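S.K.: Here's the letter readout for the chains.
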Amino acid sequence: MEKIIVSTIGITLIAAIYWFFFGKKEEAMDAKNNWDITVDGGYKPTTIKLFKDKPATLTFTRTDPTACLEEIVFPDYKIKEFLPLNKPVTITLPPPHKPSGFHCGMNMYHGRIDVA
Amino acid sequence: MKASFPIIGMHCASCAKLIERQLERTPGVSDASVNYGSEQATIEYDETCCDLPTIGKAVESAGYKAIVESVAGSDPVKKTPDELKEEAKRVELADLKVKVIVSSILSIIILLGSFPEWFSSFFSFSPKLYALISKPFFLLALSTPVQFWAGKGFYQATWSGLRNRAAGMDTLIAIGTSAAYGFSVLTTLFEPMLRAAGFPIVMYYDTAAVIITLILLGRFLEAKAKAHTSDAIKKLLHLQAKTARVIRNGKEFDVPIEEVQVGDVIRVRPGEKIPVDGKISEGASSIDESMVTGESMPVEKKAGDLVIGATINKTGTFLFLATKVGKDTMLSQIVRMVAEAQSSRAPIQRLADVVSGYFVPIVLMLAVATFVIWFDTGTFAQAFTNMIAVLIIACPCALGLATPTAIMVGTGRGAEHGILIKDAEALEIAHKINIAVFDKTGTLTQGKPTVTDIVPADGKKLKAESLLRLAASLEQGSEHSLAEAIVAEAQRKKIALNRADGFVAIPGHGVAGTVEKQKIFFGNRALIDKQKISYHAAEKTISNLEKQGKTVMMLANQKQLLGLIAVADTLKPEAKEMVASLGRMNIGVSMITGDNKRTAGTIAEQVGITNVLAGVLPQEKAKKIKELKSSSLNSKLKTLSSSVVAFIGDGINDAPALASADVGIAMGTGTDVAIESAGITLLNKDLRSVVSAIKLSKSTLSIIKQNLFWAFGYNVILIPVAMGVLYPITGWLLNPALAAFAMAASSISVVGNSLRLKGVNI
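Residue numbers (the numbering used here), protein chains in the order written: chain A, 7 to 122; chain B, 12 to 773.
No lab work stands behind these hints: they were computed from the structure.
All values reported here derive from a predicted model rather than from experimental measurement.
Hints may contain errors.
Simulated pairs of lysine-lysine, DSS-like, Cα-Cα distance not exceeding 25 Å [unchecked claim]:
1) Lys246(B) <-> Lys86(A)
2) Lys640(B) <-> Lys709(B)
3) Lys100(B) <-> Lys86(A)
4) Lys93(A) <-> Lys245(B)
5) Lys237(B) <-> Lys84(A)
6) Lys443(B) <-> Lys635(B)
7) Lys93(A) <-> Lys338(B)
8) Lys163(B) <-> Lys93(A)
9) Lys86(A) <-> Lys338(B)
10) Lys86(A) <-> Lys769(B)
11) Lys93(A) <-> Lys237(B)
12) Lys716(B) <-> Lys84(A)
13) Lys443(B) <-> Lys505(B)
14) Lys38(A) <-> Lys84(A)
15) Lys290(B) <-> Lys325(B)
16) Lys459(B) <-> Lys504(B)
17) Lys76(B) <-> Lys93(A)
Just chain B, same shape as in the assembly:
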């Protein structure tokens, strides 16, 4: 049997060799390899001779710790990268918290001791105490731990960056605070000599300590806020079931989700999560898919229907065949797509990318220039404090965070509503859409025929329900798509069907059989004509229904016409509202279909679309989209207003058009090919989500623009202020401690602004 488990306590590659030798000496272990890099041991062992706890003890005897489970034969606990990240973040936050608390206390005392003119009166109860805390050596003693313990991270990052001839934000903090601290130490230790040399006797312990404390506080708050930007993925991952109840060789038992295999038969009981994707083989139930698709209503499913892993079984018990497991499940694909979108680059980010590459070295040069100019025109103290203010106020972090945090929250917010955004570019462009082209079948319409009208024949007492019962009882043996529509309608209305005897399907005509002790015929004109049954009285109704693009079927017994049932591919109920909403947003809506003009026109009229592209062959759809884009370009040249075309479709034949459009939006009910080709996928199957996606794009872009404006504006305005450009006019100079506060606040405000997307109404 093969097993692998983490090893703790290795310090070098020779430790790994030592453990390997120890493991190979353990009876029952035939092969062992230990990887120092991944801190993981992999062994082959005979489970009849030894078990994992024994192997764990063997490792412990060599002075290391193996993390093996106590149950023999089961897999060890292995942390995923996300768990490792969570753990690292927890440690980082705890460490930051301690540093912030300790350095805050020390900084307050340093601040009190640094300004006798302001604070000495507070210590009137004990002048001796104040005399102590205002002594330079006492301030030095308090500042040193803040500088080198709390601020250790800044030095580490600066050192490793400089070795690589690179500089980050930490370089600026380390240089700025070191200058303040270092000059103060010199003043403390060599005051007489410096005074004799004409140097001003000023100390900046308070500046260095307060800057470090405020920036650490900012990082602590930023880390807490940033943790929420990836909430969406965490929520999705938590949806995953932990175990599955599989039936293998007639035995039913629970297994960890990782062990479920394609082809396993799995039982799901009421209230349980469906573990993986599959097809129901036995039973039926109502399933809540809202957590994955965003669809609010539970969906009725029966044998043959597909189920999605991580959705919740509401009422019935059923068995299903696992068809997709592990990384192939829909949930895993969603997590992957959201993660990919969050890692992609929005075009709007380009400028920030370019700036961030040059930012820190330029700020360093500006700081030196500030010192020189102020030294030449003012005093040493002004030159020194302004140089520190420039180093501290510059905040490249806000620039770096402006776009990615908003994209992370925006794509996550979309996923929560069943709007899956493939990349940041699609999210960015969607707000510019001004032409939306919809595929008809399966997108604007349900994509399958449904019963639209049930009309009992004139003078007959038969009710619509009885008419449907007779027709559905007869059709339940048929596999024709129209028959499916009739039976589905009867099931929807919960009509109990009767047995049909002597069922006969007459190709091209309809069906016949005996139901409720009478011979029934159900089909088109040809079938009824053949039975020589008159339907003249119903002719006008039939004609009207056919003009509406519906297929009319007649139900008759051996003597007379009993009634009519019309079937058509119906509009999705929300289609009309969606078209109206797009209209209000000044987005032109078009419909594209292979249907003839009459049928297409009927549907378009019902939904409120005036621009119809009818008779378009599937392979021509992409060409039409390109034409629309180029005609938009012409209009752009004329009117100087930009035009962006979105295509919304679902079929395999829609894939080229989805890829050709500026923004391709695939319906979640569609094919994998369509979803792969689209920038946005609507998992919730609700057309109104097209509007929501555009609104989400508008909100996200608005947040990104605010963030970039703030981040650029902050640096462009405050760096010159810190350099002292306002001094000749207003006499204002920026205190370095205030600069530290502004710097810390700028990053937090950018992250906080992005988190506002969680609350926008889409």
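So that you can see chain A by itself, here it is in the shape it has in the complex:
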């Protein structure tokens, strides 16, 4: 009996983990080229939408002391910046042409740039 209970709980837990991490739905958002992004256990907002062919200004404020998040990398723009704790850092991106991404220095936390 206890094996059935543990198995049921286990399977439910696996399904819950899947839903929790992979079942996220991105909120619809308007495009703008001036974003304030909070770095706290990831990037908030995780996905931003920029207007095509216009330079964008992204201001990151890291409030999370996790060492993993102390660097932000935009591999497609060859930009890597150190994010001091609680100090806003502004990054200017050249006009975007296609969707791209950004991530922390360890490539564990990810953000997405959509283009409108």
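Let chain A serve as the given structure and place chain B on it in line with the hints.
M.R.: What follows is chain B alone, placed relative to chain A:
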């Protein structure tokens, strides 16, 4: 006057308003604004009424601290992002060190107390002491600071990640150790009840404490090793001079480097660093440029020559006009390019990128599955320890570090040798090059005419040196490029020149004048024919030299031919060795030029190139490169071997070809356009660096592959081992403490392997 300075001690936006009001009340301050986010105050003040120290005191009176310099009028100390990063890293390392030491001591005691069957005999001198340290409540007391003080960072990261529905490596550590610690606490507090309910009475304080200690130790060592991956940029930044001695309005004084402006005249004395880029206006010197360009020999520079900031003036004193300052200097551009390359993504990294996005949640699911399967088929203790082992052994960090650390060290190593790599992709592709196409003029050759032969006329006692002295004395008044070659050769041989009187340039023919009391003519056949001087005896020599693609000039006085001087665009001395080296690496070498077949063939023969693309117009170079690429593709289809084309050039007209090639390599002497279009730039102007760049690419790729193999292999093999797949065959199960050791070692080994690139011979 305007000034800005950092403020310390603000806790909220209202603090900023308070300081602003305090500053505006200070006599002499006309405007003040304080930014809470950047912790910076900016003020407008009248320096005749107040100074910065007074303003600093006003801020202090409000209960905050302003970091202003004691000297009025000078800029405050402002930390750059790099300095902030250095400071944060220092704090992080110091904090980690304390945590590692304290948790190590506690973990050792916990370990001793957790295994009476192994360690009680060590305490035969004091059984009472051992009885104390093996008590569950004592172990709980020691484990708690390790779990919640030393391991606080894991909880912080997990909490902030979960709020964002994301998970990192710290999530796995926090869940794994919390399970071990939490179950042990329950056992300690409610042992009778759990025993009555049939739960096994096992404690895992040692597991939780040892895991946290080993992972913190791993992070400490990793942070120390990682600091060395960006050594190259630090070295480059340290090259920058701090001050410059400028001459303004006839006064000479030192100013901070940030205040140097374009157009400033700057004096550089022997042994000093050249502060910014510029052009020598007065004086001459020998300059060591090795730190920026990698060129080992000092370069002689005179008025009109360009100097590079951060290089070292060896011997003479000179004045130069600043032409590029701040972020426009060559050093700043190099730092920018290296930093950009280190931030770019190598295509080989893509798989690791995809995997890292799913890694942690999948490991969490595998851990739950492990518990369920072991609970159903084995015991609770096996299920629990194996679940913890799975959580702890998984190491996404090694995957994340595998490529970027190698790229950082590889691009840095290149920069130290004057090989500037623009992005990780260029570095990755360079090792696959199997066709290298070289532009001729300025790339394989010096790009400017130089004296190749000095032949005194038959029967004349005149020595070659005297012949060159006469010709150079006459030509020193000419601006023709051939004249420059003659004068440069005389200067190189340190021949003192004499005055030339009555100098006349005869367009299309040559020059004439009086040197050393004799009328001298120096020019082509037409000039000598006009003077009716015979040169039949030298005709064969002239013909031979011309067949070699050289320009021959004759020197004669009013009576007879004195000798011949041949000038040609010569091969770079290292070109032949470089072509041979590429051949040994099985890379086919071609030369592309607008010259006719005869001239091109002569140069190609000298350098050892058999494949010559002659008579190619500048605009056709890119087309030829594309043709080579497509023909390579055909051969690829036939032979199933891949072909990659590199183009090496320097001129503006080479830019399309540089961009069209799989790897564009620009010579550092080239134009900015060429450098912008290329993936790799050779600052040291040495052609052998083409070989070095390819070797560096091979070494870097080899390290990346080793790292990825290790990082993937580690996780692919050890996660199933931790799940207990070997148990039915061998009876092996992985101890969670060993898993923690393996996890910590895997990240360190990846960083350590990347650092090996610092020692490779390129």
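S.K.: Compare the structure with each hint and give your call.
M.R.: Results of checking the hints against the structure:
1. Lys246(B) <-> Lys86(A): Within the cut-off at roughly 18 Å; holds.
2. Lys640(B) <-> Lys709(B): holds (21 Å)
3. Lys100(B) <-> Lys86(A): Status holds; Cα separation ~16 Å.
4. Lys93(A) <-> Lys245(B): holds (23 Å)
5. Lys237(B) <-> Lys84(A): holds (20 Å)
6. Lys443(B) <-> Lys635(B): Given pair Lys443(B), Lys635(B) holds - Cα atoms ~20 Å apart, limit 25 Å.
7. Lys93(A) <-> Lys338(B): Holds, at about 23 Å.
8. Lys163(B) <-> Lys93(A): Roughly 22 Å between the alpha carbons, so the hint for Lys163(B) and Lys93(A) holds.
9. Lys86(A) <-> Lys338(B): The hint holds at about 17 Å.
10. Lys86(A) <-> Lys769(B): Roughly 22 Å between the alpha carbons, so the hint for Lys86(A) and Lys769(B) holds.
11. Lys93(A) <-> Lys237(B): holds (23 Å)
12. Lys716(B) <-> Lys84(A): holds (22 Å)
13. Lys443(B) <-> Lys505(B): violated (46 Å)
14. Lys38(A) <-> Lys84(A): Given pair Lys38(A), Lys84(A) holds - Cα atoms ~22 Å apart, limit 25 Å.
15. Lys290(B) <-> Lys325(B): With Cα atoms ~17 Å apart, Lys290(B) and Lys325(B) stay inside 25 Å; holds.
16. Lys459(B) <-> Lys504(B): With Cα atoms ~18 Å apart, Lys459(B) and Lys504(B) stay inside 25 Å; holds.
17. Lys76(B) <-> Lys93(A): holds (18 Å)
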